[in-house]
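Quick note, the sequences are listed as chains R and S, same order. Numbering-wise, full-length UniProt numbering puts 16 at position 16 of the first sequence, and it's gapless, one number per residue. Numbering-wise, full-length UniProt numbering puts 102 at position 102 of the second sequence, and it's gapless, one number per residue.
For the record, the hints were derived by calculation from the structure and aren't laboratory data. Be careful, since some hints might not be right.
Unchecked claim - Listed below are the simulated EDC-like cross-link pairs for lysine to aspartate or glutamate, each with C-alpha atoms no more than 20 Å apart in a straight line:
| hint | chain 1 | residue 1 | chain 2 | residue 2 |
| --- | --- | --- | --- | --- |
| 1 | S | 13 | R | 53 |
| 2 | R | 106 | S | 89 |
| 3 | S | 128 | R | 349 |
| 4 | S | 18 | R | 427 |
| 5 | R | 106 | S | 145 |
| 6 | R | 362 | S | 54 |
| 7 | R | 106 | S | 108 |
| 8 | S | 60 | R | 53 |
| 9 | S | 29 | R | 349 |
| 10 | S | 29 | R | 123 |
| 11 | S | 56 | R | 395 |
| 12 | R | 310 | S | 145 |
All figures in this text were calculated on a predicted structure; none of them were measured in a lab.
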Amino acid sequence: MLIVCWSPVMVEVWNGPGDKKTVEGPSRMPAPIRLRELIRTIRTARTQAEEREMIQKECAAIRSSFREEDNTYRCRNVAKLLYMHMLGYPAHFGQLECLKLIASQKFTDKRIGYLGAMLLLDERQDVHLLMTNCIKNDLNHSTQYVQGLALCTLGCMGSSEMCRDLAGEVEKLLKTSNSYLRKKAALCAVHVIRKVPELMEMFLPATKNLLSEKNHGVLHTSVVLLTEMCERSPDMLAHFRKLVPQLVRILKNLIMSGYSPEHDVSGISDPFLQVRILRLLRILGKGDDDSSEAMNDILAQVATNTETSKNVGNAILYETVLTIMDIKSESGLRVLAINILGRFLLNNDKNIRYVALTSLLKTVQTDHNAVQRHRSTIVDCLKDLDVSIKRRAMELSFALVNGNNIRGMMKELLYFLDSCDPEFKADCASGVFLAAEKYAPSKRWHIDTIMRVLTTAGSYVRDDSVPNLIQLITNSVEMHAYTVQRLYKALLDDISQQPLVQVASWCIGEYGDLLVSGQCEEEEPIQVTEDEVLDVLEGLLVSNLSTPVTRGYALTAIMKLSTRFTSVNRIKKVVSIYGSSIDVELQQRAVEYNALFKKYDHMRPALLERMPIMEKTASNGPTEIVQTNGEAEPSVVEAKHPPPVTQPTNQANDLLDLLGGNDVVPVIQTTVPTKPASAGGELLDLLGDLSLSGGPAPAPATSVPSSQPAFLLDGLTSPPLFNDIAAAGIPPMTAYNKNGLKIDFTFERANPNPNIAVITIHASNSTEADMTDFVFQAAVPKTFQLQLLSPSSNVVPTLNQGTVTQVIRVLNPQKQQLRMRIKLTYTHKGSAVQDLAEVNNFPPQSWQ
Amino acid sequence: MMRFMLLFSRQGKLRLQKWFTSMSEREKKKIIRDMTTMVLARQPRSCNFMQWKDLKIVYKRYASLYFCLGVESQENELLALEIIHRYVELLDKYFGNVCELDIIFNFEKAYFILDEFLMGGEIQETSKQIVNRSIEASDMLQEDDISEWYEVELFG
Numbered sequence: 001m002l003i004v005c006w007s008p009v010m011v012e013v014w015n016g017p018g019d020k021k022t023v024e025g026p027s028r029m030p031a032p033i034r035l036r037e038l039i040r041t042i043r044t045a046r047t048q049a050e051e052r053e054m055i056q057k058e059c060a061a062i063r064s065s066f067r068e069e070d071n072t073y074r075c076r077n078v079a080k081l082l083y084m085h086m087l088g089y090p091a092h093f094g095q096l097e098c099l100k101l102i103a104s105q106k107f108t109d110k111r112i113g114y115l116g117a118m119l120l121l122d123e124r125q126d127v128h129l130l131m132t133n134c135i136k137n138d139l140n141h142s143t144q145y146v147q148g149l150a151l152c153t154l155g156c157m158g159s160s161e162m163c164r165d166l167a168g169e170v171e172k173l174l175k176t177s178n179s180y181l182r183k184k185a186a187l188c189a190v191h192v193i194r195k196v197p198e199l200m201e202m203f204l205p206a207t208k209n210l211l212s213e214k215n216h217g218v219l220h221t222s223v224v225l226l227t228e229m230c231e232r233s234p235d236m237l238a239h240f241r242k243l244v245p246q247l248v249r250i251l252k253n254l255i256m257s258g259y260s261p262e263h264d265v266s267g268i269s270d271p272f273l274q275v276r277i278l279r280l281l282r283i284l285g286k287g288d289d290d291s292s293e294a295m296n297d298i299l300a301q302v303a304t305n306t307e308t309s310k311n312v313g314n315a316i317l318y319e320t321v322l323t324i325m326d327i328k329s330e331s332g333l334r335v336l337a338i339n340i341l342g343r344f345l346l347n348n349d350k351n352i353r354y355v356a357l358t359s360l361l362k363t364v365q366t367d368h369n370a371v372q373r374h375r376s377t378i379v380d381c382l383k384d385l386d387v388s389i390k391r392r393a394m395e396l397s398f399a400l401v402n403g404n405n406i407r408g409m410m411k412e413l414l415y416f417l418d419s420c421d422p423e424f425k426a427d428c429a430s431g432v433f434l435a436a437e438k439y440a441p442s443k444r445w446h447i448d449t450i451m452r453v454l455t456t457a458g459s460y461v462r463d464d465s466v467p468n469l470i471q472l473i474t475n476s477v478e479m480h481a482y483t484v485q486r487l488y489k490a491l492l493d494d495i496s497q498q499p500l501v502q503v504a505s506w507c508i509g510e511y512g513d514l515l516v517s518g519q520c521e522e523e524e525p526i527q528v529t530e531d532e533v534l535d536v537l538e539g540l541l542v543s544n545l546s547t548p549v550t551r552g553y554a555l556t557a558i559m560k561l562s563t564r565f566t567s568v569n570r571i572k573k574v575v576s577i578y579g580s581s582i583d584v585e586l587q588q589r590a591v592e593y594n595a596l597f598k599k600y601d602h603m604r605p606a607l608l609e610r611m612p613i614m615e616k617t618a619s620n621g622p623t624e625i626v627q628t629n630g631e632a633e634p635s636v637v638e639a640k641h642p643p644p645v646t647q648p649t650n651q652a653n654d655l656l657d658l659l660g661g662n663d664v665v666p667v668i669q670t671t672v673p674t675k676p677a678s679a680g681g682e683l684l685d686l687l688g689d690l691s692l693s694g695g696p697a698p699a700p701a702t703s704v705p706s707s708q709p710a711f712l713l714d715g716l717t718s719p720p721l722f723n724d725i726a727a728a729g730i731p732p733m734t735a736y737n738k739n740g741l742k743i744d745f746t747f748e749r750a751n752p753n754p755n756i757a758v759i760t761i762h763a764s765n766s767t768e769a770d771m772t773d774f775v776f777q778a779a780v781p782k783t784f785q786l787q788l789l790s791p792s793s794n795v796v797p798t799l800n801q802g803t804v805t806q807v808i809r810v811l812n813p814q815k816q817q818l819r820m821r822i823k824l825t826y827t828h829k830g831s832a833v834q835d836l837a838e839v840n841n842f843p844p845q846s847w848q
Numbered sequence: 001m002m003r004f005m006l007l008f009s010r011q012g013k014l015r016l017q018k019w020f021t022s023m024s025e026r027e028k029k030k031i032i033r034d035m036t037t038m039v040l041a042r043q044p045r046s047c048n049f050m051q052w053k054d055l056k057i058v059y060k061r062y063a064s065l066y067f068c069l070g071v072e073s074q075e076n077e078l079l080a081l082e083i084i085h086r087y088v089e090l091l092d093k094y095f096g097n098v099c100e101l102d103i104i105f106n107f108e109k110a111y112f113i114l115d116e117f118l119m120g121g122e123i124q125e126t127s128k129q130i131v132n133r134s135i136e137a138s139d140m141l142q143e144d145d146i147s148e149w150y151e152v153e154l155f156g
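Produce the entire structure from the sequences given, and follow the hints as far as they go.
This is the structure in structure tokens:
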């Protein structure tokens with residue numbers, strides 16, 4: 001007999017038919033190595049590469065073994081695969097093998113198979129559905145441990161489809177008298193409900209007698225099931241409220257009963273069950289007076305009788321406190337709860353302190369006064385070494401700050417800011433700013449606090465703090481000298497913290513005159529010369545530590561000082577140097593400032609004068625003020641359209657509305673903003689003769705009223721740098737186009753006065769109805785003068801059959817950018833229409 | 001509910017991973033990485049709780065092993081410490097003075113014990129004795145299997 005030994009098949013053939021016993025010939029693969037041996041071997045690997053090689057070899061062997069459909073060693077192989085999977089190696093080729101193991105009759109196979117399924121299979125892969133039938137069979141197995149395996153797997157990783165298919169089986173098992181299975185079925189039901197909430201109803205009947213169980217395992221899982229149902233459905237919650245007395249009884253028994261070895265943990269009987277019951281009571285008692293009352297006594301009992309020497313007792317106390325705070329408990333009980341938390345704060349155990357701080361944070365809103373009593377302990381926790389505790393203490397401290405304790409609290413918080421880790425600094429700085437804003441006892445205190453934050457944590461403050469701070473400083477008029485002095489001194493010490501440097505530069509630019517004049521009431525004034533100040537600012541410009549934004553601030557500050565200092569030449573030099581800076585932003589500024597020196601020197605004082613008091617738009621948002629140039633650009637905001645005027649208002653008021661009459665008009669050389677009372681008067685002068693009914697031509701206003709200031713004061717935008725005066729021929733434009741009404745402007749230059757632009761409006765109507773009683777009104781900023789001639793008619797005919805024309809003459813002596821606000825009124829299809837619009841798109845040639 | 005339980009050594013080697021919600025392999029790997037990094041970076045006498053995303057992380061070191069539990073925000077952290085401790089007691093009873101090596105070489109048993117104690121992210125049985133008895137009974141069932149196949153040792 002020739003034995004060819006290169007494959008098992010060949011061996012069998014040559015042996016002829018007969019018993020199928022496989023011969024362990026030389027070519028037969030050896031039995032797969034045992035699990036523990038594999039583990040031992042892999043652990044001897046000295047390098048990652050060596051380990052990988054071993055794993056790959058073993059995986060190959062396992063793969064072949066799987067291919068051979070070997071039942072005997074499948075279990076061993078899958079176990080090894082699970083080990084390798086834990087080390088981080090791929091094991092997906094074992095998924096189907098797990099399913100085969102589950103289907104096996106042997107308990108060992110099932111055990112490993114289900115474990116493998118839980119580790120390797122996932123509801124994202126369709127293959128997991130193949131388990132469903134096996135699980136169904138096993139749920140009805142004669143051996144409870146097999147049933148247990150099936151329940152466990154379903155309850156841990158069952159997908160929604162599986163849950164739907166098998167919910168009925170779970171429900172059946174929930175009603176069994178076998179407590180081992182009942183407890184597992186309860187948790188399995190919890191999982192089913194989490195995956196498929198609609199199935200919750202079907203478990204309701206089975207919950208009837210769950211709480212009458214004596215077995216703690218069943219009791220515990222039943223409470224979990226009830227909790228899940230109550231959390232998900234208000235109806236269930238209402239339904240289960242009747243269980244409160246029973247739950248109270250069970251809890252009472254647990255506390256009062258003697259030592260029970262089976263459930264004892266450090267002298268406390270079944271703390272896990274106690275905590276779960278407390279949690280369910282919390283849910284049932286919330287918002288319900290009767291239930292809350294029914295549980296008052298037991299809560300007080302637990303709170304006072306629980307042994308607190310070990311963690312387990314504190315765990316129960318913690319849960320009790322949470323329950324007391326959440327339900328409608330009587331005030332005595334609430335005080336008791338907060339005092340427990342206060343005691344926790346003094347506990348040596350860090351965990352307990354942490355938990356106390358977390359809970360106090362939750363209750364600080366509702367029981368503010370009670371928590372305030374523990375303020376000093378909480379503040380002490382700021383000095384704790386533990387990071388988690390520090391964070392909680394910081395959050396809680398900010399929540400406790402109020403008008404009464406602001407000084408003391410801020411002292412502690414600033415000290416904390418000094419010494420805390422960088423991860424806290426940003427949040428702490430923001431918190432300090434917010435608290436200071438709300439409760440500052442005095443302006444000086446406020447500014448001192450801000451200074452402290454900027455100097456100690458300056459690099460961590462948020463970006464929006466800079467504009468907020470600048471606004472705050474501007475509005476504290478009497479503190480300007482003090483503030484600029486302190487900021488200047490801070491700059492001398494340290495120029496690395498950008499927010500500090502930016503705020504300081506801005507202030508020096510604004511209040512540099514106060515700085516050198518040596519007038520300071522709050523503290524000893526320092527002696528500093530203009531040159532020294534300029535040295536500092538120039539130092540910022542050249543320093544490597546300064547960001548481009550900071551450089552911008554510094555340059556603008558230097559420029560502003562040109563109207564406050566006498567050493568203008570030095571400033572001119574600096575500004576012209578930066579005209580060729582490679583930083584585009586800096587270059588543009590320098591060039592514009594240069595132009596200010598050269599061509600527009602007459603405007604420089606007005607442009608660079610003191611900022612007015614700024615209005616805050618939102619408590620946390622940045623203000624509308626643009627700080628990049630020294631120009632006063634207060635509230636030239638978008639036109640706030642007033643509500644349609646139904647009753648005839650004062651003509652002056654109408655025109656005021658046109659210009660947004662809130663414009664703050666700072667008068668030259670003072671810092672106090674003046675009300676625009678004169679504005680209305682002037683407009684009245686200019687346009688007072690305007691006929692609103694399209695009647696005879698008004699008398700044109702020709703002379704400039706003497707009260708009108710000579711310099712531009714409001715609505716300033718960058719003056720044109722390069723005067724490209726186009727050749728004749730100014731292009732027309734559409735000024736307005738809405739609801740079928742279109743208004744075009746055409747231009748011509750008036751002779752002999754090139755400062756007058758003559759604009760003709762052409763109004764057309766594309767709707768199917770005429771626009772009657774059409775009135776066009778216009779207003780311009782104060783440096784302009786406007787003359788409105790009479791319109792051609794006051795009916796704009798339908799469907800563009802004709803236009804209404806009207807001539808406007810605009811005097812623009814300063815060649816400012818032309819802007820106009822227009823008001824249109826007409827009657828259309830029987831109803832009165834009114835609209836306001838701003839016209840900003842004038843071609844440059846019309847006003848240059 | 002609990003979301004996951006991880007056991008890892010001081011060098012960050014994973015010894016057990018139990019997930020109570022469905023997650024992709026990538027997500028699991030990320031969580032393992034984050035947990036090991038965070039926990040191993042903690043100072044020796046810090047408190048055992050941390051905040052991570054929307055979960056509370058409760059961890060405790062027993063000899064050379066870190067036990068790390070990720071729980072939802074309404075869970076009681078102090079009780080979570082007791083859960084970890086209970087699991088260690090169960091292992092200790094089963095293996096007799098359990099050490100890391102026991103869990104390395106018998107990881108499947110560690111899983112079996114865990115699956116009798118916790119399920120679906122909740123506690124299944126609060127009695128130590130009952131859990132132990134269930135495990136012993138299941139082991140005996142395995143023996144029955146083996147006795148039919150005396151010539152083949154499955155685990156060894």
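To see whether the hints hold, each was checked on the structure:
no., hint, result
1, S:13 / R:53, "19 Å, holds"
2, R:106 / S:89, "30 Å, violated"
3, S:128 / R:349, "26 Å, violated"
4, S:18 / R:427, "36 Å, violated"
5, R:106 / S:145, "6 Å, holds"
6, R:362 / S:54, "16 Å, holds"
7, R:106 / S:108, "17 Å, holds"
8, S:60 / R:53, "34 Å, violated"
9, S:29 / R:349, "33 Å, violated"
10, S:29 / R:123, "17 Å, holds"
11, S:56 / R:395, "17 Å, holds"
12, R:310 / S:145, "44 Å, violated"
The structure does not agree with the numbered hints 2, 3, 4, 8, 9, 12 stated previously, though it agrees with the rest.
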